[in-house]
Amino acid sequence: MKNLDLKRRNLLFRAMALGLATALPACDYEDPSNPDLADRFLHMMSAFNDRVQQALFNPRTLAPVFSPDQITRPPRFNAFYDISQAPVVDPASYRLELGGQILQRKPWTLAALRTLPQESQITRLVCVEGWRVIGQWAGVRLSDFLRRIGADTTCKYVSFKCADGYYSSIDMGSALHPQTILALDFLGAPLTPAFGAPVRLRIPTKLGFKNPKSIMQISVGNVYMGGYWEDLGYNWFSGS
Amino acid sequence: MPESQSLAPQRPIHPWPLRLMHWLNVVAIVMMIGSGLQIYDASPLFDFTFPPLVTIGGWLGAAIAWHLAFIWLLMANGLAYLIWGSLSGHFQRKFFPLSPRTVLKEIWAALRFRLPHHKGVYNSVQRLLYLGVIFAGITVVVSGLGIWKPVQLWFFTDLCGGYFVARYVHFFAMAAIAAFIAIHVLLVILVPKSLPPMITGGKMLDPRP
Chain A
1 MKNLDLKRRN
11 LLFRAMALGL
21 ATALPACDYE
31 DPSNPDLADR
41 FLHMMSAFND
51 RVQQALFNPR
61 TLAPVFSPDQ
71 ITRPPRFNAF
81 YDISQAPVVD
91 PASYRLELGG
101 QILQRKPWTL
111 AALRTLPQES
121 QITRLVCVEG
131 WRVIGQWAGV
141 RLSDFLRRIG
151 ADTTCKYVSF
161 KCADGYYSSI
171 DMGSALHPQT
181 ILALDFLGAP
191 LTPAFGAPVR
201 LRIPTKLGFK
211 NPKSIMQISV
221 GNVYMGGYWE
231 DLGYNWFSGS
Chain B
241 MPESQSLAPQ
251 RPIHPWPLRL
261 MHWLNVVAIV
271 MMIGSGLQIY
281 DASPLFDFTF
291 PPLVTIGGWL
301 GAAIAWHLAF
311 IWLLMANGLA
321 YLIWGSLSGH
331 FQRKFFPLSP
341 RTVLKEIWAA
351 LRFRLPHHKG
361 VYNSVQRLLY
371 LGVIFAGITV
381 VVSGLGIWKP
391 VQLWFFTDLC
401 GGYFVARYVH
411 FFAMAAIAAF
421 IAIHVLLVIL
431 VPKSLPPMIT
441 GGKMLDPRP
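Going down the list, the protein sequences come from chains A and B. With our numbering, letter number 104 in the first sequence gets 104, and the count goes up by one each step, no holes. One gets our numbering by counting positions in the second sequence from 1 and adding 240 to each.
No lab work stands behind these hints, which were simulated from the structure alone. There could be a bad hint or two in this list.
Cut-off 30 Å, straight-line C-alpha distance, at most; resulting in silico cross-link-like pairs (DSS-like, lysine-lysine) [said to hold, decoys possible]:
| hint | chain 1 | residue 1 | chain 2 | residue 2 |
| --- | --- | --- | --- | --- |
| 1 | A | Lys156 | B | Lys389 |
| 2 | A | Lys161 | B | Lys389 |
| 3 | B | Lys443 | B | Lys433 |
If you anchor each label on the Cβ, the simulated ranges turn out as follows [claimed, not checked]:
| hint | chain 1 | residue 1 | chain 2 | residue 2 | range |
| --- | --- | --- | --- | --- | --- |
| 4 | B | Phe353 | A | Arg73 | 56 to 62 Å |
| 5 | B | Ala415 | A | Leu103 | 54 to 60 Å |
| 6 | B | Leu426 | A | Arg73 | 44 to 50 Å |
| 7 | B | Asp398 | A | Ile83 | 31 to 37 Å |
| 8 | B | Ser283 | A | Ile83 | 17 to 23 Å |
| 9 | B | Thr342 | A | Thr72 | 48 to 54 Å |
| 10 | B | Ala419 | A | Pro107 | 55 to 61 Å |
| 11 | B | Asp287 | A | Thr72 | 18 to 24 Å |
Here the structure is a predicted model, which is why all the values come from computation and not from measurement. Backbone N, C-alpha and C fix where the C-beta goes; we use that ideal spot for every residue, glycine too.
Assemble the whole structure, with the sequences as input and the hints as a guide.
What follows is the structure, encoded as structure tokens:
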């Protein structure tokens with residue numbers, strides 16, 4: 001009996017070790033174009049988590065706001081490149097391109113965006129890595145802007161393309177949230193290249209990487225456009 | 241099977257729902273801690289990071305994907321355990337009564353190697369540790385939800401002292417569970433006969449209420 005127990009235990013440990021050794025090195029999620037079994041499982045669960053977050057999202061729940069003395073100084077730069085690589089966009093010739101299910105697709109100048117009502121917020125930006133910073137952003141409410149340009153707000157997605165090759169997309173519900181803004185100012189002054197000049201999305205109900213910087217094009221539609229990090233494996237909804 | 245044995249009041253040391261939940265929990269906990277340590281490494285709370293040997297995922301994106309995939313197994317299994325444990329009388333039978341006096345007495349007895357082991361009956365120190373790890377499990381899930389959704393599930397975040405503090409709460413609750421597992425596995429190695437009943441159920445010949 002004792003011997004049998006020992007054998008059984010050995011077998012169990014060996015099975016566990018084998019399972020770990022064969023399964024785990026493949027769990028890198030590293031080649032999105034050639035998903036293995038583990039990748040497919042993770043994709044399925046991530047899609048399920050998108051639906052859970054969609055259900056959890058309450059359009060009336062506001063992200064916490066903070067007082068000016070709680071602002072993180074100096075602000076923290078973060079991108080998938082070095083700060084010296086941040087794209088420099090000429091503010092004078094800048095035009096925000098519009099595409100998809102939008103009635104008035106005339107490109108917008110920075111000056112025109114500044115004529116719209118401006119909204120200021122001191123909110124927390126939570127990075128997917130775990131750290132958080134508090135900053136003050138001001139700009140145009142995305143919901144105001146979408147209505148202004150005659151966007152079809154029954155569509156599922158709002159997608160963004162950036163000057164640095166970054167791209168991302170968000171659900172319409174989050175796009176219409178009152179704290180979702182097209183930020184033009186950061187800490188009381190126009191955005192600098194490192195922090196997303198001339199226009200960035202500030203969406204405190206989502207993780208930091210869902211706040212694309214240096215936006216060149218906005219489109220509205222029902223086709224899923226993914227995103228830079230999302231296509232590498234980060235969860236798409238990434239709500240906060 | 242001899243007739244006398246089949247007539248005697250018997251029940252397994254570990255009933256099948258407990259065994260099933262135990263091994264599902266092993267899978268969930270290994271995946272959650274392994275991927276959690278990889279997530280920790282992306283923005284360490286302390287002056288150390290965890291080596292690839294103990295992390296799962298290889299990089300942050302995969303680690304989060306594993307973490308948020310297996311959280312459902314951990315939560316569903318944990319919830320089933322809490323419900324089953326309460327309704328079946330398992331908690332009442334195994335963890336109570338429990339008093340600080342008997343805990344101290346039995347720690348003293350254990351230190352002199354005079355604490356007898358009754359198959360299927362927990363001593364007070366074990367009772368305390370099992371209740372403690374259940375509390376740590378609830379804490380790790382609540383703080384995790386608070387970190388995952390500091391806006392939509394703000395009450396969990398606030399309960400843990402805000403987003404910043406919640407990350408520490410999450411870490412220390414995990415550390416408490418890891419410490420429990422270390423002791424748990426060490427005891428199984430020291431008393432190997434305690435392992436088979438968690439697989440086969442075992443037989444408790446002297447059932448006590």
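Does the Cβ distance between B/Thr342 and A/Thr72 fall inside 48 to 54 Å? holds, 51 Å
Going straight from one Cα to the other, do A/Lys156 and B/Lys389 come out at no more than 30 Å? holds, 22 Å
Is the Cα-Cα distance between A/Lys161 and B/Lys389 30 Å or less? Judged against 30 Å, a Cα distance of about 26 Å means the pair holds.
CB-CB spacing for A/Pro107 and B/Ala419 relative to the 55 to 61 Å hint: holds, 60 Å
Against the range 44 to 50 Å, how does the distance between the Cβ atoms of B/Leu426 and A/Arg73 compare: consistent or not? holds, 48 Å
Evaluate the given range 56 to 62 Å for the C-beta pair formed by B/Phe353 and A/Arg73. holds, 60 Å
31 to 37 Å as the expected CB spacing between A/Ile83 and B/Asp398, which holds or is violated: Holds: the Cβ-Cβ distance is about 34 Å, inside 31 to 37 Å.
Outcome for the supplied range 18 to 24 Å, where the beta carbon pair is B/Asp287 and A/Thr72: holds, 21 Å
Does the beta carbon distance between B/Ala415 and A/Leu103 stay inside 54 to 60 Å, or does it fall outside? Roughly 56 Å apart at Cβ, these two residues keep to the hinted range, so it holds.
Verify the proposed pairing of B/Lys443 with B/Lys433, using a straight-line Cα cut of 30 Å. Holds, at roughly 12 Å.
Satisfaction of the hinted span 17 to 23 Å by the C-beta atoms belonging to B/Ser283 and A/Ile83: For B/Ser283 and A/Ile83 the Cβ distance comes to about 18 Å; the hint holds.
Violated hints for the displayed structure: none, as all numbered hints are satisfied.
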